[in-house]
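Trainee: Here the protein sequences line up with chains X and U, keeping their order.
The opening position of the first sequence corresponds to residue 1 in our numbering, with each subsequent residue numbered one higher.
The opening position of the second sequence corresponds to residue 114 in our numbering, with each subsequent residue numbered one higher.
What the hints contain is simulated information worked out from the structure, not anything from laboratory work.
Fair warning: there could be bad hints in the mix.
As the list claims (entries may be wrong) - Over the 10 Å line for every Cβ pair with chain X, so calculated as not near, a few chain U residues:
hint, residue
1, Gln-127
2, Leu-132
3, Ser-144
4, Tyr-148
5, Gly-153
6, Gly-155
7, Thr-161
8, Arg-173
9, Leu-174
10, Thr-175
11, Gly-179
12, Asp-196
13, Gln-212
14, Lys-213
15, Gln-223
16, Ile-225
Said to hold, decoys possible - The calculated BS3-like cross-link candidates involving lysine-lysine, where the alpha carbons are at most 30 Å apart (straight line), are:
hint, chain 1, residue 1, chain 2, residue 2
17, U, Lys-170, U, Lys-183
18, X, Lys-57, U, Lys-221
19, X, Lys-57, U, Lys-213
20, U, Lys-170, U, Lys-221
21, U, Lys-183, U, Lys-169
22, U, Lys-183, U, Lys-221
23, U, Lys-221, U, Lys-172
24, U, Lys-183, X, Lys-57
25, U, Lys-183, X, Lys-13
26, U, Lys-170, U, Lys-213
27, U, Lys-183, U, Lys-172
28, X, Lys-13, X, Lys-57
By construction, the Cβ of each residue, glycine as well, lies at the ideal position given by its N, Cα and C atoms.
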Amino acid sequence: KAGVTQTPRYLIKTRGQQVTLSCSPISGHRSVSWYQQTPGQGLQFLFEYFSETQRNKGNFPGRFSGRQFSNSRSEMNVSTLELGDSALYLCASSLWTGGIGYTFGSGTRLTVV
Amino acid sequence: TQLLEQSPQFLSIQEGENLTVYCNSSSVFSSLQWYRQEPGEGPVLLVTVVTGGEVKKLKRLTFQFGDARKDSSLHITAAQTGDTGLYLCAGVGESGGYQKVTFGIGTKLQVIP
Chain X
1 KAGVTQTPRY LIKTRGQQVT LSCSPISGHR SVSWYQQTPG QGLQFLFEYF
51 SETQRNKGNF PGRFSGRQFS NSRSEMNVST LELGDSALYL CASSLWTGGI
101 GYTFGSGTRL TVV
Chain U
114 TQLLEQSPQF LSIQEGENLT VYCNSSSVFS SLQWYRQEPG EGPVLLVTVV
164 TGGEVKKLKR LTFQFGDARK DSSLHITAAQ TGDTGLYLCA GVGESGGYQK
214 VTFGIGTKLQ VIP
């Protein structure tokens with residue numbers, strides 16, 4: 001079966017711009033979680049969506065938002081980009097909430113210049 | 114706040130050597146997962162341990178969950194170059210009424226031929 005698909009794989013944006021990242025989960029998986037990964041901080045939880053509802057949210061500013069569609073595909077948006085937002089953004093899908101049995105996508109590498 | 118500390122953060126060994134990676138916390142987790150991540154890819158789930166004292170073996174990899182469910186270790190016997198990667202532990206526990214996944218910062222392993 002197809003894995004978790006994240007698009008785009010690489011992105012370069014300028015400070016102040018906004019960006020939208022996409023994640024298509026494994027077919028049948030209803031939960032999508034988003035993480036930011038940086039060398040110094042590791043994986044930091046952004047938010048989790050289940051059946052189009054945000055179930056949990058990490059400690060990120062309001063510039064970071066997300067949504068989930070009826071087909072379980074999810075998008076995350078970052079507005080007013082800052083240099084510190086440069087990171088690998090990973091999405092993980094699972095059948096249920098709670099992080100049991102995550103399957104991760106390959107990530108989107110965002111560079112803010 | 115649930116924190117997971119991994120040690121060592123970096124490890125460079127010769128092929129054929131044994132190694133152990135540790136994951137420690139002051140919090141109790143309902144389960145603990147180990148992932149391996151290769152450059153440019155998302156983490157891949159290796160194992161989930163659920164019961165305190167549980168030991169799971171995956172070929173040359175042995176995973177142990179501490180009796181108190183606060184710590185875990187990963188032991189690799191006769192390391193091979195294909196074991197090179199970032200090893201992440203992740204604890205699943207309740208926080209604020211939700212099941213939450215907390216990742217350690219990772220152990221970067223390099224196996225030299």
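Trainee: Hint by hint, say whether it matches the structure.
Mentor: To see whether the hints hold, each was checked on the structure:
1. Its beta-carbon lying about 25 Å from the closest one in chain X, U:Gln-127 satisfies the requirement of being farther than 10 Å from that chain.
2. A cut-off of 10 Å between C-beta atoms confirms that U:Leu-132 is not in contact with chain X; the least separation is 20 Å.
3. Residue-level check failed: U:Ser-144 sits 7 Å from the nearest beta carbon of chain X, not beyond 10 Å.
4. Non-interface status of U:Tyr-148 relative to chain X is broken: a Cβ of that chain comes within 10 Å, the nearest being about 8 Å off.
5. Remark: the non-interface label on U:Gly-153 conflicts with the geometry, its nearest Cβ contact in chain X lying 7 Å away (cut-off 10 Å).
6. Chain X draws U:Gly-155 into its interface by the beta-carbon criterion, the shortest separation being 3 Å against a cut-off of 10 Å.
7. The Cβ of U:Thr-161 does not lie farther than 10 Å from every Cβ of chain X; its closest approach is about 7 Å, which violates its non-interface assignment.
8. Listed as a non-interface residue, U:Arg-173 keeps its Cβ farther than 10 Å from every Cβ of chain X; the least gap is roughly 23 Å.
9. Once the 10 Å rule is applied to beta carbons, U:Leu-174 is consistent with being away from chain X; the minimum gap is 18 Å.
10. Separation of U:Thr-175 from chain X is adequate, the least Cβ-Cβ distance of about 21 Å exceeding the 10 Å criterion.
11. Against the 10 Å criterion, U:Gly-179 stays outside the reach of chain X, whose nearest CB is about 19 Å from its own CB.
12. At roughly 19 Å, the least C-beta separation between U:Asp-196 and chain X is larger than 10 Å, which holds for a residue marked as non-interface.
13. Not every CB of chain X is more than 10 Å from the CB of U:Gln-212 (nearest about 3 Å), against its label as outside the interface.
14. Against the 10 Å criterion, U:Lys-213 falls within the reach of chain X, whose nearest CB is about 7 Å from its own CB.
15. Taking the minimum C-beta to C-beta distance to chain X, about 15 Å, the non-interface status of U:Gln-223 holds against the 10 Å cut.
16. Against the 10 Å criterion, U:Ile-225 stays outside the reach of chain X, whose nearest CB is about 22 Å from its own CB.
17. Of the supplied pair hints, the one linking U:Lys-170 and U:Lys-183 holds, its CA atoms being roughly 19 Å apart against a limit of 30 Å.
18. Between X:Lys-57 and U:Lys-221, the direct Cα distance comes to roughly 28 Å. Compliance with the 30 Å bound is thereby established for this hinted pair.
19. The hinted pair formed by X:Lys-57 and U:Lys-213 meets the criterion: a straight-line CA distance of about 10 Å does not exceed 30 Å.
20. Only pairs whose Cα atoms come within 30 Å are accepted, and U:Lys-170 paired with U:Lys-221 is accepted, the gap being roughly 21 Å.
21. Taken as a hint, the U:Lys-183 and U:Lys-169 pair is honoured in the structure, with Cα atoms around 17 Å apart against an allowance of 30 Å.
22. About 22 Å separates the Cα atoms of U:Lys-183 and U:Lys-221, which keeps this hinted pair within 30 Å; it holds.
23. For the hint linking U:Lys-221 to U:Lys-172, the alpha-carbon distance of about 20 Å falls within 30 Å, and the restraint holds.
24. A hinted pair counts as satisfied when its Cα atoms are at most 30 Å apart, and U:Lys-183 with X:Lys-57 qualifies at roughly 24 Å.
25. For the hint linking U:Lys-183 to X:Lys-13, the alpha-carbon distance of about 41 Å lies beyond 30 Å, and the restraint is violated.
26. Our distance criterion of 30 Å between C-alpha atoms is met by U:Lys-170 and U:Lys-213, whose separation comes to about 26 Å.
27. For the given pair, U:Lys-183 sits about 25 Å from U:Lys-172 by alpha-carbon distance, which is consistent with the 30 Å threshold.
28. A distance of roughly 25 Å separates the Cα atoms of X:Lys-13 and X:Lys-57; the hinted pair therefore holds under the 30 Å criterion.
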